[in-house]
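S.K.: Chain residues, written in single-letter form:
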Amino acid sequence: MTETNQLLRLLKEFPLAETHRPWARRIVDFEAWQGSIDLLAVSDWDFLGLWAEPQATDKEKFQVHMALRDGENTTVVVVTLPLEGLSYPAVSTVRPGALRLERSIADLFGLIALGAEDMRPWLDHGRWPVNHPLSEAEPREIAPFDYDFLKAESAEALHQIPVGPVHAGIIEPGHFRFHANGEAVVRLETRLGYVHKGIEALMQGKTLLEASKLAGRVSGDSTVAYAYAFARACEAACDVEAPPRAVWLRAVMAEIERLANHLGDFGAVCNDAAYGIMLAHAMTLKEKVLRAANKAFGHRLMMDCIIPGGVAHDLGKEGMAQIKAMQREVRRGFERLAQLYDDTPSLLDRTVGTGVTMASLAHRFGTGGVIARASGRSIDARRNPGYAPYDELDFDVPLEIDGDVHCRLMVRMAEIRESLALIERFTDGLPSGPLTRPLPAQEGEGMALVEGFRGEILVWVRIDGSGRILRCFPRDPSWFQWPLLEACIDGNIVADFPLCNKSFNCSYSGSDL
Amino acid sequence: MTPILKLLARALLKGPITEPAPEQAEIQELADKIDASAKVKLGRSLVIRAVDAGSCNACELEIHALGNPLYDIERFGIHFAASPRHADVLLVTGPVARNMAEALKRTYDATPGPKWVVAMGDCAIDGGCFKGGYACLDGVDKVVPVDVRIPGCPPTPSDLLKNLLALLETVR
Chain A
48 MTETNQLLRL LKEFPLAETH RPWARRIVDF EAWQGSIDLL AVSDWDFLGL
98 WAEPQATDKE KFQVHMALRD GENTTVVVVT LPLEGLSYPA VSTVRPGALR
148 LERSIADLFG LIALGAEDMR PWLDHGRWPV NHPLSEAEPR EIAPFDYDFL
198 KAESAEALHQ IPVGPVHAGI IEPGHFRFHA NGEAVVRLET RLGYVHKGIE
248 ALMQGKTLLE ASKLAGRVSG DSTVAYAYAF ARACEAACDV EAPPRAVWLR
298 AVMAEIERLA NHLGDFGAVC NDAAYGIMLA HAMTLKEKVL RAANKAFGHR
348 LMMDCIIPGG VAHDLGKEGM AQIKAMQREV RRGFERLAQL YDDTPSLLDR
398 TVGTGVTMAS LAHRFGTGGV IARASGRSID ARRNPGYAPY DELDFDVPLE
448 IDGDVHCRLM VRMAEIRESL ALIERFTDGL PSGPLTRPLP AQEGEGMALV
498 EGFRGEILVW VRIDGSGRIL RCFPRDPSWF QWPLLEACID GNIVADFPLC
548 NKSFNCSYSG SDL
Chain B
1287 MTPILKLLAR ALLKGPITEP APEQAEIQEL ADKIDASAKV KLGRSLVIRA
1337 VDAGSCNACE LEIHALGNPL YDIERFGIHF AASPRHADVL LVTGPVARNM
1387 AEALKRTYDA TPGPKWVVAM GDCAIDGGCF KGGYACLDGV DKVVPVDVRI
1437 PGCPPTPSDL LKNLLALLET VR
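So the sequences go chain by chain: A and B.
If you use this note's numbering, the first sequence corresponds to residues 48 to 560, in order.
If you use this note's numbering, the second sequence corresponds to residues 1287 to 1458, in order.
These are calculated hints, taken from the structure and not from any lab test.
Treat each hint with caution, since some may be false.
[To be verified] Derived EDC-like pairs: lysine to aspartate or glutamate, alpha-carbon spacing no greater than 16 Å straight-line: (1) A:K253 to A:E490; (2) B:K1401 to B:D1427; (3) B:K1300 to A:E376; (4) B:K1292 to A:D389; (5) B:K1292 to A:D390; (6) A:K335 to B:E1312; (7) A:K364 to A:D475; (8) A:K198 to A:D511; (9) A:K364 to A:E471; (10) B:K1417 to A:E257; (11) A:K253 to A:D511; (12) A:K198 to A:D165; (13) B:K1417 to B:D1427; (14) A:K108 to A:D165; (15) B:K1292 to A:E382; (16) A:K335 to B:D1358; (17) A:K59 to A:E78; (18) A:K59 to A:D76; (19) A:K108 to A:E131; (20) B:K1428 to B:D1412; (21) B:K1428 to B:E1455.
None of the values given here were measured: they were computed from a predicted structure.
Please model the complete structure; the sequences and the hints are all you need to start from.
M.R.: Listed below in structure tokens is the structure:
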């Protein structure tokens, strides 16, 4: 009997939530929750997310959900623990990626993860006018917290470098605290939460269409992927499938978004290695992609083009021609840049061997996306668990094993080529038919996993009988990537931090919510 | 020929890909609408410090696009600075998350006068779709005085360029 079956066998004893789709949700007791955690310690199940909500029958009481996926096949399961009090056994003891989610749940709901190593507030900086905004939301005095940064000890003399929240470049805000010995970084600690907008609270009570706009603004660079995941979660909750044409158009948009972002990242990483010409050329190509998207779908970033039930914008003849022209131009232009990258030793000297991410850490933290695939962890939500229309196609998921900045660039470059090919296949095979299918106003719970350019995005929704959002939890891939950035910078020089950071390109807004 | 030589030769032969500047009349029209709090003449250059006060990062993507060779904002004398102490303009995005309010205020205070503040995007203007939550202040003007408002979600690079040129026009 394998470990996998042990966990499933343990859960099988417990009742299924009837309205949860497409995967099973099991409502367990305290012992089984603890038992699941013990089994996680000795199995290769991926931890996908952890969130809380009030219980349906008694709003004063709460329940926590954790989503898990079998590492070997496509089984996804949600485990729910209804709480009597205000605490639950921590998952972070066996899946460290859960730690910041547990800290966030403590900030937003006042629920404590028992046994968690780190109990410092995360999203709550003491600057909101209320305590625990997603539970009792008690008014309070605004008094910014001191943050107790971790200490580094060494026989050598160390100094600290505080950076942010306002950074030197045009990027999102966050605080980085370096402990360095001369140029070598001994410890990096990130403190985030600066762009917390309270999106989860804002979504509650909204119609699906209104909430979809918010979902598309969790992380603006992944607006398509978020709207895609949100729409799929809502459709799962309502037990409706989007019409075929919408399914394919969504994939066209998703691949255009991936292409645009990877081009930008490719240029920006080279730029951070002081090779500006690559940025200029890559950004020109990216601009061509965005303009084609604008002509084809009416918005450069394709915001609000995917809606629950289908898509809001059709792809006409003119738009199709624009996309074809863009593809040809970007393909030619990109190959020139790829050659240039391979042919520039001074650039390779900066990227090869820099910021190495260990595969073992990527596994432990449940990391997905480019970062995982550059470290030999082959994981892509388009393939596992898979969703339409990708499940009908055979496509490459590129893999590198060394886990350095160079490998992350190589994965992005391979994915640029793959996305270009996918866009071609999707636009060529576009089925005809309606763009939307109405969603019935009915109670339900739905969950979806969608591969954005950064990694897999999880969205979980609970919808009430009038078709409004009761609870929505969007989980950005960055939750499980930020901790790895802290690890990969160890022993590198301070000057290589921008390079490492850019090669990760985690979302601040996505994980601050 | 090595790839870099090919790339450079191509650029030389094909000429610049930078696009023409926006229409002067359009810029003047926008400039007339600006009621800048600081009335000092700066000349032909403007240095900007971008501050993300809680944006979803879409606005940042479009600010980045301004630097690409097609818009090439630097040809107009507009530069982005790493420090507010070198800036004339704060380009602020986001609804102002409460967790960022103090950082925004301190960035403003660190910017030497005369200075201007541009609120970029619907949520920077009044909170946009993030309006009414516990975690946002719903607009840049709740924290620092705003001179120029650029609507859009996110505003396009051309909108952004036109408005920044209009601001340059008023301080010239």
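S.K.: Against this structure, judge whether each hint is valid.
M.R.: Going down the list of hints, with the structure as the test:
1. A:K253 to A:E490: holds (14 Å)
2. B:K1401 to B:D1427: holds (15 Å)
3. B:K1300 to A:E376: Distance of about 15 Å is within 16 Å: holds.
4. B:K1292 to A:D389: At roughly 14 Å apart (the allowed maximum being 16 Å), A:D389 and B:K1292 satisfy the hint.
5. B:K1292 to A:D390: OK: B:K1292 and A:D390 at ~12 Å, within 16 Å.
6. A:K335 to B:E1312: violated (25 Å)
7. A:K364 to A:D475: holds (12 Å)
8. A:K198 to A:D511: violated (47 Å)
9. A:K364 to A:E471: holds (14 Å)
10. B:K1417 to A:E257: holds (13 Å)
11. A:K253 to A:D511: Holds: A:K253 and A:D511 sit about 11 Å apart, inside 16 Å.
12. A:K198 to A:D165: Cα-Cα ~14 Å, so holds.
13. B:K1417 to B:D1427: holds (14 Å)
14. A:K108 to A:D165: Answer violated: A:K108 to A:D165 is near 24 Å, above 16 Å.
15. B:K1292 to A:E382: holds (12 Å)
16. A:K335 to B:D1358: holds (15 Å)
17. A:K59 to A:E78: holds (14 Å)
18. A:K59 to A:D76: holds (12 Å)
19. A:K108 to A:E131: holds (7 Å)
20. B:K1428 to B:D1412: Status holds; Cα separation ~9 Å.
21. B:K1428 to B:E1455: violated (26 Å)
Violated hints for the displayed structure, listed by number in ascending order: 6, 8, 14 and 21.
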